[in-house]
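The listed protein sequences correspond, in order, to chains H and G.
Last residue of the first sequence: 264 in my numbering, with the numbers rising by one and none dropped.
Last residue of the second sequence: 1506 in my numbering, with the numbers rising by one and none dropped.
Heads up, some of the hints might be wrong.
[Stated by the list, open to error] Label pairs and their calculated CB-CB ranges:
(1) G:TYR1300 to H:TYR24: 18 to 28 Å
(2) G:LEU1130 to H:ASP230: 49 to 59 Å
(3) G:THR1100 to H:GLU242: 40 to 50 Å
(4) H:GLY261 to G:ASP1388: 28 to 38 Å
(5) G:TYR1116 to H:ASP230: 32 to 42 Å
(6) G:ASN1308 to H:ASP89: 49 to 59 Å
(7) H:LYS36 to G:ASN1308: 29 to 39 Å
(8) H:ASP147 to G:THR1494: 36 to 46 Å
(9) G:ASP1388 to H:ASN18: 28 to 38 Å
(10) G:PRO1325 to H:ASP187: 54 to 64 Å
(11) H:GLU38 to G:ASP1388: 26 to 36 Å
(12) H:ASP129 to G:ASN1492: 38 to 48 Å
(13) H:ASP129 to G:LEU1130: 55 to 65 Å
(14) G:ARG1501 to H:ASP147: 20 to 30 Å
Derived from the structure by calculation, the hints contain no laboratory data.
Just so we're clear, the structure is a prediction, and the values are computed from it rather than from any experiment.
Backbone N, C-alpha and C fix where the C-beta goes; we use that ideal spot for every residue, glycine too.
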Amino acid sequence: MENNNYAIETNDLSIHYGKFTAVKGVNVKVERQKITAIIGPSGCGKSTLLRAFNRMNDFVTGCHVTGELLLQGQNLYGGNVDPVEVRRKIGMVFQKPNPFPKSIYENIAWGARINGFKGKMDELVEQSLQSAALWDEVKDKLQESAYALSGGQQQRLCIARTIAIQPKIILKDEPASALDPISTLRIEELMQELKKNYTIIIVTHNMQQAARASDYTAMMMIDDQRAGGVIEFDETKAIFTRPKDKRTEDYVTGRFG
Amino acid sequence: MSNQQTNYPEGAAFYSALRTRYRIASVWQSLFLSALLIAIVTLTALLYNVIDGAFGYIAYEYKDAPAEFTSTPINELTQQELLVILKENLSTGAYNKLNNEKPMEERSQADLLNLFLERLVRIDTKATWSMTDSLLRGDEIRAEVAEKYPDAILEFRSWLTPQFLVAPMSSRAEFAGVRTAVLGSLWLVGIAILFALPVGTGAAVYLQEYAPKNWLTNIIQTNINNLAGVPSIVYGMLGLALFVRVLEPLTSGAIFGVTDSNGRTILAAGLTMGILVLPVMIINAQEAIKAVPDSLRQAAFGVGATRWQTIWHHVLPNALPGILTGSILALSRALGETAPLIVVGASTFISLDPEGPFSKFTALPIQIYQWTTRAQSEFHAIAAGAIIVLLVLLLTLNATAIFLRNRFQRRW
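Construct the complete structure from the given sequences, taking the supplied hints into account.
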């Protein structure tokens, strides 16, 4: 199979809202089992780009995508691709923890059930919670409401829910921005565990988090037509120590704006 | 304070301006308070007016004194004694007619006592007084009755009695009840809600979750909002044209083998009420669906759910309390509507319980309307009683709405 090292590739990917181009001409190759961070100032299209990866933008009226998004050589925006299948393969964790208003157990079992999971549900729930480092905290209250958990626990439950459907890639949209520093640290530690099995793409506002936790970093910035684009994409170390673009340097060193 | 020149008032000027601001605020506050007071006074007056009419003195005479039929006091008559009295004194034709409606032996003592009073003793109401008059001018009333109607019996009566609730319609106010009307109303709102709840929810789900946001959807949405404000009589005309006339084979039950009715049935009226509340139903269900946070939909889509799975497992269950609350409010509206029922052809006098969707019917508001237009004052009193019944029904429904909302409500 071609380009085996890459989990996902974009080929001149642009995202438009009606006539307005929000993200323009993105060309990145995301490596397998690595953590790739997307950074950049507010409104530069980080989340829009991330949502394009599993076609969550399909729900936004007037939003359309040009260019190619390749998963193992297959264009996910090709005419014969079902977005439901895309989201099954590329899971997503959102900015605010959004567990279902159901029990902890059901939060994980529901996604599995609707996708036709045939194995032992109890085992899947336990494994997923183990992988999300949440099992020990909730094993005695699986039937209680997920809303009884703390924000950090809820976010890990959302990660467990995503793991349970066994995606290839996990997208995280500022997963720790609504959490306190301790919960944030746990999510970051968890990501290091998860990258053994999954490719992770994370949007973050937090420079230290990107520097600490990611292997690759994509720097985004808007141009004079207010269209966002990736201005630099490299190993995280390189982005933070010897950025090639002056704007990246200004941004990562806090001199931006 | 710095010497810096500011464009804001300082010192005395500041306090003077502040006093003005407080004065304006207190004027507005008292205006809002008086608006509230007007509302409270109006509602209290409404309630008082209704209750005032439903209780009070009544002066009546017996056309034929009970003593002419029996020596036992009226209240102590047994079922057997009443049977004998009725058989002896009623004409054979009248007795057989009653017996055909329901065998006399099977009738209860209360039922027979009513027949005795209605057919033989024949109560003749001379005058009635409101509750306020009865309480404040008791002596005057007694004097007046003693002078004008020396034979009359004066008693303080509650027109709202258990008997009033279970008795069917009667041409005499003393024996009339709301049973037929209450049953008719329940049938009506039942059919209306069976029609409007699924159709309204379905339309709302389509509009909120599926319909593209374009000019056509906008036009439809605007029209639904406007339809909610169309006068109810217009829906009555629609019901008459559509359900009573065009769909007569269906609404009369002809295609189900019912032969003895026309299109003016409970079914036609119930469906009319159904379309009447449909716009409100749709708007309300839309609001309930809108209130389900988008994060929940995204969570479901994020784990690979289809749109239908998202709607069925997450959107609808979480919108349900809102939809239920709205449907019960819609139901309250259907319960109180009068005009469309008159157009669709409610019967004003009917003493048989509705037996099914193809029966003729009457409803509480129709009954109240009919009684208030009668000349005799005792009918106004039972109209007041029926209004209380209607209000209690409405309050019960609203209480159910609040209960359901609290019971199923979820928080996120």
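Taking the hints in turn, this is what the structure says about them:
no.	hint	verdict
1	G:TYR1300 to H:TYR24: 18 to 28 Å	holds, 24 Å
2	G:LEU1130 to H:ASP230: 49 to 59 Å	holds, 57 Å
3	G:THR1100 to H:GLU242: 40 to 50 Å	violated, 56 Å
4	H:GLY261 to G:ASP1388: 28 to 38 Å	holds, 33 Å
5	G:TYR1116 to H:ASP230: 32 to 42 Å	violated, 53 Å
6	G:ASN1308 to H:ASP89: 49 to 59 Å	violated, 24 Å
7	H:LYS36 to G:ASN1308: 29 to 39 Å	holds, 38 Å
8	H:ASP147 to G:THR1494: 36 to 46 Å	holds, 38 Å
9	G:ASP1388 to H:ASN18: 28 to 38 Å	holds, 30 Å
10	G:PRO1325 to H:ASP187: 54 to 64 Å	holds, 58 Å
11	H:GLU38 to G:ASP1388: 26 to 36 Å	holds, 32 Å
12	H:ASP129 to G:ASN1492: 38 to 48 Å	holds, 45 Å
13	H:ASP129 to G:LEU1130: 55 to 65 Å	holds, 58 Å
14	G:ARG1501 to H:ASP147: 20 to 30 Å	holds, 28 Å
Violation of the numbered hints given earlier is confined to hints 3, 5, 6; the remaining hints are satisfied by the structure.
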